[in-house]
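Engineer: Listed below, chain by chain, are the residues.
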Amino acid sequence: MSNLAEATTVLNPPPRRLAVDVTGVSLTFQTADGAVDALSNVSLGIAEGEFVSFIGPSGCGKTTMLRVIADLQQPSSGQLLVNGMSAEQARLSRAYGYVFQAPALFPWRTIEANLKLPLEIMGFSDSEQAARAARYLALVSLTGFERKFPWQLSGGMQQRVSIARALSFDPALLLMDEPFGALDEIVRDHLNEQLLQLWDKTGKTVLFVTHSIPEAVFLSTKIVVMSPRPGRITDIIDCNFPRDRTLEIRETPEFIRIAQRVRNGLRAGHSYDE
Amino acid sequence: MTSSALAWPGTARGLSRHPLFQRTAPIVTVVAALIAIWYVAAVLMNLTLVRDGFEREETPYTTSELIAGTMSAERPLLPAPHQVVETFLDGVFGYAPNAPRSLIYHSAVTLSATLLGFVLGALLGVALALMIVHSRVLEKSLLPWIICSQMVPILALAPIFIVVLGAIGLQGLMPKSIISAYLSFFPVTIGMVKGFTAPDPMQMDLMRTWSASPRQVLAKLRWPSAVPYLFASLKVAISISLIGAIVAELPTGAEAGIGARLLAGSYYGQTIQIWAALLAAAVLASALIGLVGLAERITARSMGARP
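In order, the protein sequence lines correspond to chains A and B. The letter at position 197 of the first sequence is residue 197 when you use our numbering, and the numbering goes up by one with no holes. The letter at position 206 of the second sequence is residue 1206 when you use our numbering, and the numbering goes up by one with no holes.
Accuracy of the hints is not assured; some may be wrong.
Said to hold, decoys possible - Label pairs and their calculated CB-CB ranges:
no., chain 1, residue 1, chain 2, residue 2, range
1, B, G1166, A, Q30, 50 to 60 Å
2, B, A1025, A, S127, 52 to 62 Å
3, B, V1152, A, E128, 52 to 62 Å
4, A, S127, B, H1134, 31 to 41 Å
5, A, E128, B, M1204, 25 to 35 Å
To be verified - Taking lysine to any residue and the SDA-like style, the derived pairs with C-alpha atoms no more than 20 Å apart in a straight line are:
no., chain 1, residue 1, chain 2, residue 2
6, B, K1220, A, R147
7, A, K148, B, W1038
8, A, K148, B, A1305
In short, the hints are calculated from the structure, not lab data. Quick caveat, the model's predicted, so the values are computed rather than measured. In this text, a Cβ means the ideal position worked out from N, Cα and C, and glycines have one as well.
From just these sequences and the hints, can you work out the full model?
Structural biologist: Written as structure tokens, this is what we have:
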């Protein structure tokens, strides 16, 4: 199973195939106060290996967007392809790892057992499970914490475990829903750098939801600005800093210029509201 | 050493801060107060009885003799605590464990029905909870009946159970256990429905992103999340299993068991014997709840609970 997945990624390196292809997707929730357009006619193409950030005020549908791609919610209309498959097929073939706002570790499992959980479910052999747990704990620099329980780790460490868990079965796609939202600025900067190195090392496609403009500009190759009521895309900004960028680029005029454009995009979305 | 021994008030304060003292003092105080109230009540309730006795025999008596009499009557309305404890200890240690007057013998009879009923009830409770959690139809059709089942007094149902089960050839231990299970499945079902639905939505979403099968979701998420609820409901279940077993012994006119002891005591006006049997039931219940609590602590430790 694992070997097969690895073999396909090695054998088919199609140059910049679309990892996610969204065409005219809408999603309407029926609530007590009437219908809410969470997503309205959204179209977006994301190439393999990109790091795409979704930014916008609360209620703009950025989390819904991620959940639709993950087949955790079904769109009301429109077309959606993930790795060339339908969202459901992609989920069933375990094409993506999902990182939530909270670490959502299982408190009764040790860190190592938490990492092994998706592997157990997917039927990896015991030796493969142990090897992968060790490898991905090392990747997020948490070797030595195998036998600890989640409550013995800080919030930042727990979130790193949940990232390692999402990567452990080697999905081509990593979906992250405000993974660092609950952490303080210093930890967040540190994890941003680590995430960037991880992305550079693994070559995954990353879809990243955030509230923070500097975070979006620092991490992304592409920033998708969204606005609420109805949830829609107002701007898509390319952002091509070198892959091995450091936090210092935040002082450069180029960075400030892009951040300014994101801020303008967000403001434009808001004025529509009034 | 000497100076600390001399500084009496200091030592007293030191003693009152001792953790053992701080832990046990509230319990000891409450128990002492209850025993005091019990003695006063025993004197007041048995007073007329004892005075009538003295007057019938036309013996002169003093107040202290009267009060002493209230605490040593053979068939008092309310026996004094030391009489109950005496009879209890005599019942436990005074006879061979298989003698018909031994409380150990009667407790063992009731205990076997309790444990079998508890196991049956817990299994049934978990099975029902599983069905309810996995099917909306079953939730709607089963739950009202489950709740209704507990509205009928068990005292009214027990004789019917005994007769019906007797007609199909079930006698002795089994009918008692079934009545006990009838009571004890309920808290387990209610607790485990809550427990199986305890995982938070994020954990359920994670299982979905890994496309886990329903069986895997049950084994790796629902079960472990339900464990705290399981033990909370098992503690309730084991004590009402005991009540069920005792109640089941009443209508059968059972020859053995704590219930039989209670019944015999009330036939012959042996109030002290009734209270001693009640004390035996209380000790048994505490021990059983203690055992479930111990199992809970061991399980919690293996599941990484904070110490």
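Engineer: Take a look at whether the Cβ-Cβ distance between V1152 (chain B) and E128 (chain A) falls inside 52 to 62 Å.
Structural biologist: 56 Å, holds
Engineer: Holds or violated: are the alpha carbons of K1220 (chain B) and R147 (chain A) at most 20 Å from each other?
Structural biologist: Between K1220 (chain B) and R147 (chain A) the Cα gap is close to 18 Å, so the pair holds against 20 Å.
Engineer: Determine whether the Cβ-Cβ distance between G1166 (chain B) and Q30 (chain A) falls within the hinted range of 50 to 60 Å.
Structural biologist: 57 Å, holds
Engineer: Under the criterion that the straight-line Cα-Cα distance not exceed 20 Å, is the pair K148 (chain A), W1038 (chain B) satisfied?
Structural biologist: Roughly 52 Å separates the two Cα atoms, so the pair is violated.
Engineer: Between S127 (chain A) and H1134 (chain B), does the beta-carbon spacing fit 31 to 41 Å?
Structural biologist: 34 Å, holds
Engineer: Would you say the C-beta atoms of A1025 (chain B) and S127 (chain A) sit inside 52 to 62 Å of each other?
Structural biologist: Since A1025 (chain B) and S127 (chain A) have Cβ atoms about 57 Å apart, the given range 52 to 62 Å holds.
Engineer: Evaluate the given range 25 to 35 Å for the C-beta pair formed by E128 (chain A) and M1204 (chain B).
Structural biologist: 26 Å, holds
Engineer: Tell me if the straight-line CA distance from K148 (chain A) to A1305 (chain B) falls inside 20 Å.
Structural biologist: 11 Å, holds
In the structure shown, a violation is registered for the earlier hint numbered 7 alone.
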